[in-house]
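Throw the hints in and build the complete structure from the sequences for me.
Throughout the sequence shown, residue numbering follows the UniProt record's numbering, covering 1 to 264 in sequence.
Derived from the structure by calculation, the hints contain no laboratory data.
What follows is a set of in silico ranges between Cβ atoms, one per label pair, in the way DEER data are often shown:
1. Ile49 with Gln120: 42 to 48 angstroms
2. Ile49 with Glu174: 38 to 44 angstroms
3. Ala135 with Met81: 24 to 30 angstroms
4. Ile10 with Ala135: 34 to 40 angstroms
5. Ala34 with Glu224: 54 to 60 angstroms
6. Glu107 with Arg210: 20 to 26 angstroms
For lysine-lysine, the following DSS-like pairs were computed, each having C-alpha atoms within a straight-line distance of at most 30 angstroms:
7. Lys213 with Lys61
8. Lys100 with Lys219
9. Lys68 with Lys213
10. Lys3 with Lys211
11. Lys80 with Lys209
12. Lys77 with Lys207
13. Lys80 with Lys219
14. Lys110 with Lys213
15. Lys80 with Lys110
16. Lys61 with Lys209
The C-beta atom is built at its ideal place from N, Cα and C for all residues, glycine as well.
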Amino acid sequence: MDKSSIIGIILGIIAVGVGMFLKGVSPVALVNPAAIMIIIVGTVAAVTIAFPSNELKRVPKLFGVVFKEQKQVDLVKLIKMFSDWAQLARKEGLLALEGKTGEIEDEFLKNGLSLAVDGQSADYIRDVLSEEVEAMEERHLAGAGIFTQAGTYAPTLGVLGAVIGLIAALGQMEDTTALGHAISAAFVATLLGIFTGYVLWHPFANKLKRKSKQEAKVKYMMVEGILSILEGEAPRVIEQKLASYLPAGERSRILEESVVAQDE
Numbered sequence: 001m002d003k004s005s006i007i008g009i010i011l012g013i014i015a016v017g018v019g020m021f022l023k024g025v026s027p028v029a030l031v032n033p034a035a036i037m038i039i040i041v042g043t044v045a046a047v048t049i050a051f052p053s054n055e056l057k058r059v060p061k062l063f064g065v066v067f068k069e070q071k072q073v074d075l076v077k078l079i080k081m082f083s084d085w086a087q088l089a090r091k092e093g094l095l096a097l098e099g100k101t102g103e104i105e106d107e108f109l110k111n112g113l114s115l116a117v118d119g120q121s122a123d124y125i126r127d128v129l130s131e132e133v134e135a136m137e138e139r140h141l142a143g144a145g146i147f148t149q150a151g152t153y154a155p156t157l158g159v160l161g162a163v164i165g166l167i168a169a170l171g172q173m174e175d176t177t178a179l180g181h182a183i184s185a186a187f188v189a190t191l192l193g194i195f196t197g198y199v200l201w202h203p204f205a206n207k208l209k210r211k212s213k214q215e216a217k218v219k220y221m222m223v224e225g226i227l228s229i230l231e232g233e234a235p236r237v238i239e240q241k242l243a244s245y246l247p248a249g250e251r252s253r254i255l256e257e258s259v260v261a262q263d264e
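Written out as structure tokens, the structure is:
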């Protein structure tokens, strides 16, 4: 479970709830079936119109990505693994890595290493793997686009709900008490539209984009590692090259460990 998603939603609800309390507004005011219908069903309707059905079928999976903790790849271990493979390839030849493919769980890495062992050129391997990463990013961007559009539509539908509520309120001009309640209820739709748009849908879209970027970063790192081995680069050189993908703290640590290992 991605705790940051849950914590963020809870904090958003608390912020609005406490804000309403401090302003003297009862949370009961949010129980407005008409406003909920306009915002939720209206947003779903707008998104359904905006996207083809084959992309909409992925929405349940996208929610899973938002709330499921992404499996983190230990980049330091990955760099050390490439360093070990480079050492083995320099001693026994590239074919010695063929036995390593069966130990790899990541299909992308396994495919890339298999292409290298099979004797494919560096340009061919880079093209094939880069196209795979680009296709993945495009799919992820399309998924994030659904939530981005939902975040765009919801606040506008909130204004529409407020207009409908005001039309109903103007029909009760003779009763000032009922008129006040009707006007306040009219703006519930605006509140719900802004809340869902900017606390849920837009942040969901951003999280999908960030997770996609992190996954692409790891895959591009794998591509560089495979090509470096294919080109016969020294383990130390590969470590320095791949360390550029790490934060500064981890980068210095792995380089220091590499120097110590060489001294020994």
